[in-house]
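Residues per chain, in single letters:
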Amino acid sequence: MDDKEKMTAVDWIQYINLLMEAVAAGRAEARNLKDMTEEQHAEYKAKLVAESEAEIERGKRLQGS
Amino acid sequence: MKKFFTALIIVYSILLGAACDRTKTLTEVDKLSSKFRIYGRNIAQTNNDAFEAGQITKDLHGKVLKSAEFYFKALDLVDRGVNAARSATGEDLSSKIDYLKRLMDVEVFGAFMDIVDVVTEVPPELKAKLETYLAAIRLLFASVTSLFAQVQGKPEELTYG
Chain A
112 MDDKEKMTAV DWIQYINLLM EAVAAGRAEA RNLKDMTEEQ HAEYKAKLVA
162 ESEAEIERGK RLQGS
Chain B
68 MKKFFTALII VYSILLGAAC DRTKTLTEVD KLSSKFRIYG RNIAQTNNDA
118 FEAGQITKDL HGKVLKSAEF YFKALDLVDR GVNAARSATG EDLSSKIDYL
168 KRLMDVEVFG AFMDIVDVVT EVPPELKAKL ETYLAAIRLL FASVTSLFAQ
218 VQGKPEELTY G
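Protein chains in written order, with our numbering: chain A, 112 to 176; chain B, 68 to 228.
Possibly wrong hints are sitting among the right ones.
Stated by the list, open to error - Here are the simulated DSSO-like pairs of lysine-lysine, each with C-alpha atoms no more than 30 Å apart in a straight line:
{"#": "1", "chain 1": "B", "residue 1": "194", "chain 2": "B", "residue 2": "133"}
{"#": "2", "chain 1": "A", "residue 1": "156", "chain 2": "B", "residue 2": "194"}
{"#": "3", "chain 1": "B", "residue 1": "140", "chain 2": "A", "residue 2": "156"}
Unchecked claim - Okay, the calculated bits of chain A under chain B, using three or more residues with CB under 8 Å as the criterion:
{"#": "4", "stretch": "130-137"}
{"#": "5", "stretch": "160-169"}
Hints are computed from structural coordinates only; laboratory data are not their basis. Glycine residues also receive a C-beta, built at the ideal position from the N, C-alpha and C atoms.
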């Protein structure tokens with residue numbers, strides 16, 4: 112969406128709903144943390160860090176395009 | 068002599084117990100940082116997907132992206148702090164745990180609230196229309212942010228759900 116175009120109230124609600132769904136999905140995923148051993152958790156965290164960095168880089172590429 | 072050994076065993080048990088508690092606290096803070104990273108990754112991914120699908124403006128996408136980046140940097144600080152605290156002992160460990168709690172409270176919480184502020188900062192012309200909805204959203208996010216308060220209380224009772 113071009114910055115000249117304005118987001119409508121419906122656009123905002125849809126976007127925020129998507130974010131809320133993302134947080135809800137995160138809550139479900141986070142429940143698995145409790146039963147992880149330290150080794151499993153270390154491996155999982157490394158994957159999470161890589162995925163977070165990848166999303167930031169993807170976002171920057173999208174901003175540049 | 069028997070009393071002396073009994074006293075020694077009691078003191079040793081207390082010290083061992085305290086050390087175990089602190090190690091447990093570190094593990095809990097470490098896992099809590101992962102939990103917040105899951106939320107951040109999902110938010111960053113959703114933000115990218117929404118922009119790619121043409122659902123949001125470049126400006127909004129950029130603002131949320133920047134907030135997410137700061138948020139991850141705050142979590143990186145926590146992770147580095149946890150690693151540093153693992154090799155610490157005694158008073159040094161206690162002060163490092165206090166520092167981690169402050170990091171969570173100020174840096175991570177602050178960065179998370181910045182994301183909430185950005186996504187709920189709607190244009191003035193839409194404010195009246197969305198006011199009730201946005202208030203409800205803030206309440207929902209508050210349930211996530213209440214986890215930060217738990218860090219200040221009893222980390223061993225942290226919830227993961």
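Results of checking the hints against the structure:
With a C-alpha separation of about 23 Å, the suggested pairing of residue 194 (chain B) with residue 133 (chain B) holds against the 30 Å cut-off. In summary, the hint linking residue 156 (chain A) to residue 194 (chain B) is not supported, as the alpha carbons are separated by about 39 Å, beyond the 30 Å threshold. With a CA separation close to 15 Å, the supplied pair residue 140 (chain B) and residue 156 (chain A) stays within the 30 Å bound. A count of 7 residues in the stretch 130-137 of chain A with a Cβ less than 8 Å from any Cβ of chain B is obtained; the coverage claim is therefore met, three being the minimum.
Under a criterion of three residues with beta carbons nearer than 8 Å to beta carbons of chain B, the stated coverage of the stretch 160-169 of chain A is upheld, 7 such residues being counted.
In terms of the numbered hints stated before, the structure departs from hint 2 and from no other.
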